[in-house]
Structures are given as structure tokens and as C-alpha cells.
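Colleague: In case you want the letters, here they are:
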Amino acid sequence: MTRSFGSERLREYGTYALGFAGLFGVWHAMTVLFPSVLFPTPTAVVAKAVELARTGVLWENLGVSLGRIFAGFLVGVGIGVPVGLVMGNFRFMRRLLEPFTEFLRFIPSVAMITVAVIWFGIGESSKVFLIAYTTVFIVIIATAAGVMSIHVDKIRAARTLGASPAQLFLFVSLPAAMPGILTGLRVAMGNSFTTIVAAEMVAADSGLGTMLWHGRLFMLIDQIFVSLLVLGIVGFSADRLFRVAIRYFGGKYSAIA
Amino acid sequence: MNGSTAFVSFENVTKTFKAISGVDYEAVRDLSLDIGEHEFFCLLGPTGCGKTTVLNMLAGFEEPSVGTIKVAGARVKGTGPERAVVFQSHDSLYPWLTAIENVEFGLRMKGVPKAERRERAVRYLKLVGLGGQENKHPNELSGGMKQRIQIARVLANNPKMLLMDEPFAALDAQTRVLMQQELRRIWLREKLCVLFITHDIDEALTLATRIGVMRAGPASAVKGVIDVNLGEQRDRTQQDFVDHYRRVYEMIKEEVLRAHE
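Protein chains in written order, with my numbering: chain A, 1 to 257; chain B, 258 to 518.
Be careful, since some hints might not be right.
Stated by the list, open to error - Far from chain B by the CB rule (all over 12 Å, computed), these chain A residues: (1) 19; (2) 23; (3) 31; (4) 36; (5) 60; (6) 82; (7) 105; (8) 242.
Unchecked claim - Facing chain B, according to a computed beta carbon distance under 7 Å, are these residues of chain A, among others: (9) 151; (10) 153; (11) 154; (12) 156; (13) 157; (14) 160; (15) 161; (16) 162; (17) 163; (18) 167; (19) 175.
Stated by the list, open to error - Dumping the calculated SDA-like pairs for lysine to any residue here, alpha-carbon to alpha-carbon at most 25 Å: (20) 154/A <-> 319/B; (21) 367/B <-> 168/A; (22) 154/A <-> 348/B; (23) 154/A <-> 399/B; (24) 275/B <-> 155/A; (25) 154/A <-> 355/B; (26) 334/B <-> 289/B; (27) 275/B <-> 95/A; (28) 334/B <-> 91/A; (29) 327/B <-> 274/B; (30) 417/B <-> 325/B; (31) 154/A <-> 310/B; (32) 154/A <-> 429/B; (33) 367/B <-> 317/B; (34) 480/B <-> 517/B; (35) 367/B <-> 171/A; (36) 393/B <-> 167/A; (37) 367/B <-> 395/B; (38) 383/B <-> 370/B; (39) 275/B <-> 289/B; (40) 510/B <-> 496/B.
If you're looking for bench data, these hints aren't it; they were derived computationally from the structure. Heads up, the beta-carbon is just placed ideally off N, CA and C, and yes, glycines get one too.
The following block holds chain B by itself, in its conformation from the complex:
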């Protein structure tokens, strides 16, 4: 926890889904986890391990069956603008709005005057490298650009934390690396609390201050947490990066195998 007090805390959280077939599915069992206020926390795990369930509960889309989730000491109940979500798919953008109108959406809902929200939206579009694309519709932009709109949209809304559910998973390898670097740059500037879901060790090591490795589902929980001591500028080819990679890999290896059994 790097010494600071917990900003987000999962306390013995279990989530069971009721299935139509009558056989309930326990996605997460007795998960406890603390995340600091200025932490970039990566939740890493094989497919189907319940990573997204953890994020959905924190976002307020799902409720824990057992246990509590607290943010800044208050129990999470439903969604809230302080917990912004960046989705994996750009289906979350509004195709009938332009890039800037998408970014303004949250401010518009709050009733922020037009001039002010325009100004904020322009600023955040610039921050994510989309200056000059304000009046394009999402469908006119590439996959990477659409994810940039999503990031600008949540940042403009001034949240206390970002929840990111494999936001770069659908991008091509080159674009993904570029987006990781951009996100790293933005995070170093804003130092927001981030919960980032990924199955990519490389991505986790590029971005995170700590990495939580999840067990293979069902009834998953955090297997172990690894501190990432790699400094500000991270380079995949450096020895300490490779050493970290090995440690994470050792932890996740058997979970990946179990997930494919």
C-alpha cells in the first residue's frame, strides 16, 4: 500500500450470479484488497477469472453478494461520477454526438454552462492528443482515437478515480503501446487513483504502481500483490523490467494453465 491509507477497499467480497439453469456461479470469493489514493493498480488475471466482475462492483453496476466495498470511507452504492469507467469497447461512445460533445456529456448532465464545458472539453481532447478532431463523429475516427475520446470524456468529468476495463485490448499492437505510453504520461500528470484490468503482463508493468494477480475462476480472489519499482520511465528491454516480468509470470503461470483446463 506504499504507506498511505486505503482509498478503495474491498472487504471480504463475494459475488455469486444467479443462473437461469438454477446452478449459481460464484465468480469472486472472499476478495479483500486496498488501493491508495494516488495508485495505479493493475488487476491481472487469466480470462474468466472475474476481473471485470471486480471492476463492475466498484463501478456500481453490480452489487457484492457478501462483503462491502468502500471508497474514501463511504460504502459504494450504485454508480457515481467520482468513479469514472473507461470501457473496453467504444460502444460506450455516442455516435450521434461529435468527439467534443461526447467529452462534454458528463458536464452537460451536471448543467455546467456551455462555454465552460466547451473550454474543458477542448483542453482534455488536447491532453489525449485529439486536438483538431473536435467536430468529428466517433465513427470517423480509428479505434485508438475512440479510446482517447473515452479517456478525455472521463477526465473532463473530474473523477476521483478511473476504472479501466482492458481499454486497449481491442487495439492493434503498435497502437496499444502508444496508448499505454500516453496513459502513463497522463497518469504521471494527474496522479489519479486507477484500477486497470488487463491480462497482459507487459501492459501491467508499463503502467502500474502495484499489480494484483488473480486466481483462475470460479471463486477467484487476489492471489498475490507485487510492487512495481521501476521508476517513471519504463523500458521493456531493461533488466529490472525483465526481472519484474519473471516474478509476475511465475505467479500467474499456473492460473493461466488452470483457466484452460
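The following block holds chain A by itself, in its conformation from the complex:
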């Protein structure tokens, strides 16, 4: 415990930086070992990224994709957390709703693209629907599991300390389930990236998936790799945010963070 908090942070970020440098190093080495016009070097991809950023194309597509993910994720979480809380708290509701969640979660969102386009067209709403769809079941299951894993003594303690049922729910069940909920959100966010790219490749006129698809159509190899690189970076950043949140809610010393 002699090491200060600050230098621990520095070590953490330093190690990450080293890891990323290694990733780019391996990439570069591969392009040297297997030189091909179909496999651009990191420098070429970064140069292309800078160019796309300057013209605004990158920001526009990134913004569109993130907007869709954000909206769909919000809808999915908005439905998933309350439903999960109800399912975790009441066995009756769990039995009633499990056929829905257990049936639908095995139909991949990618398979739902066709239905989404038929129902909502190729506009924004079909993408929002798909992200919400891919988010909601994971969030429901993780939230319900989070509630069910609350130690009975936490509930009993609150009752003997005079908490009303509403207070019990708000001040004990919800925060105690929070690490579970956030873990669900974290997994759902990963799925959202998969879904948005697939949906935009098939049925959209903007977004990172479309950028990727156009790269394929017009043989813009660099642009394909820029899309992939950006997806990786944005996904990694989103995941970091969830880890920080999980740590904050008592998961500080647990394995999940």
C-alpha cells in the first residue's frame, strides 16, 4: 500500500499505451512480412483517417453511428432495466416473462434486419429498433440476475432499519444490482457495435457500416481499415466508461471490473 494512487494510475495507462504500441507494431510487422495492396500499413491508414477527418466524412459517419447506438441503447436500457428489476424481484413475473426473453434472445439482431427494414424502412427508426432489440434482452437478464444475487441479509438489514418497500427498492435493490446491470450494459454495448455495422452495411446511406461497405464497393482498402480502426477505438472507449462505472458501484474489489 506504499504506492500512491497517482503512480498506480500512471502505471495503468502506461501499460495500456505499451499494449497499443505493441498492437500497431505487430500490424506494421505483418504488412512488412506480407506486403500487399490489400493490406495497408498503419501509417497509410492513419494518413487516410486524417484525410477523412479533415473533409468531415469520418466525423459525419461516426456521429450518425454513435447517434443510432445511443438512441437504441437508451430505449433498450429504458425497457430492460425496469423489466429486469421486476423479474428479479417477483418470481411470478419471472415465470411469466421468461418465455419471451428466452425465446427472443436467441434470434440474433442481425437476423432481425430484414424484419426491421420491412417494418421501419431504411431510415433511422429501423437502426434504433435493432440496437434496442440487441440491448434489451441482455440487460433484462443481467439486471434480474443482479437482483437475485443480492444477499438476503442486505434486504433484511434494511427492513429492520425501517426502510419501506419503496425505499428498499430504491436504496438497496437498485444499487446492489448495479454492478450486474452495468455488466449487462457493457456486454450489450459490444453487441450494439456488431449490430449497427451489419445494419448499416445492408440498409443505410451513412454511418461507419456504410463507410465500410462503400470501401468494399469502390475498393478503398484504406477507408475500410479506417472504419475498422475507428470501431475498435470507439468500442474500447465505451467499454472503459462502463468499467469506471462498475468500479464506482461497489465492484471496486470484485472480479468483474
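Position chain B against the provided structure of chain A, taking the given hints into account.
Modeller: Same frame as chain A, but now just chain B:
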């Protein structure tokens, strides 16, 4: 009963658990027991003798199958803030709250203004020897300190009685002795009604005004009650302590053997 009227009374209480297998389990049968308002009552018994069931019924977590439990003349129905519980495991603490926020919890539920509950929480944290640890999270504190938070948390809520379910069982031997001394000191000051569950004769003799020895389960009840006449300062090495120990041991010996049959 030391002459005073009963504050807590169990009247012919039986508790049967319905099992999924269809074979019901009778944990407690026809248990009657009175505890005075300023008594520290230890319920002593071998493992699986239904001690915790007795406490859970008084706390309001479980309902008696037969018989009634009364506190201050009123029948126990569900949980109530006048009957505070200190649990064996620190899983009952809230890891997302700091030590002081855990202690404030009950007051916050009651809507006590922030400044007032802070002041009370600080006072009780000091009382249990956790002054200066207010802003630490439970996970940053040792097992003994976590049990101190639990004790401060219930005392701050101003209960009429404490129900303690082997609160020191999970602690190491040295910490346990220290915690027993602290609890003794706090009890001598507050003189609350306490029901303390333990399987440790030594612990019971250090803390209790009376000890109820339970029979081995199933269908357990109180076998006998022993008055502890050891004065305020108790010393395990003194002759009268040893004499008491022998009396309790004689009573519990065969129950322990039966529990392991």
C-alpha cells in the same frame, strides 16, 4: 428473570419449515422464554439447534407456526426498527456506501435531517472505536471493523433491543476477544435488551446476564437457563468464571454429542 417483568416473551413457540421434499422439518418445538428489558440474554447451543430460527422469529423474518412472540406486550408482526439485528456476515452492509453512510442508513430512511444524522452517526462510530474511519468503504476495512460498523448502524437507529446472530463467529480469536470486551463496555453503558446467539460458552459467560442452553435439534427448545453472577468486570481466569463454565458445560455436553450423532 431477575425480578423484572418480561420485555420479550416467547409463548409455546413451534416452528416447522415446509420442505420441497415433502418432509417437514420441525426446528423449534414448544419454546417458552422471557427476557427482561435490561437483560443481555445469550442463547447457547450446538450447531443446527435452531438458535437462528429463534432470532429470526423475534426479528420478524420468520413467523412462528404455533404460539406467539411478544415485545413490550405487543405481538411481533414482521420487522420493526425497535428490534435491530446484527448479522453474522458483513454481507448485510452496503458496499456502495461509506462507513458513516452505512451508519446513517436507518436515520435516512426515517427522514432525519442530514446534519442531525451525521452528528449521530459520528457519535456512534466513535463509540464503537471507528472514529476517523467515517469515509472509508466497508471493503477497505477489516472483518472486525465491519462488525463495528454493523453495531454502530443499529445503535444509531435507537432500537429497544439488539438481536445478534453470532456476530463475532467469523473473526479471528484475538479480534473476537477484543470485540467481546467492546460490546460488554457498550452494553454496560446503554443497558439495552440483547438477545445474543452463540455456540461459544466463553463468549456467553463474558457477555450475558443469563444464558439459555438449547437442546440439539430438531424440535429444539430451551433446556435450562443459568444466571450469570460474575459482576461487571469478567475474567476468564478467575475461579468463579471457571465454575460457571463447568455448570454450563455440564448442561450443554450431551446436546453437543447428540448434535453430532
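Colleague: Which constraints among the numbered hints does this structure fail? Numbers only, ascending.
Modeller: Violated hints: none; all satisfied.
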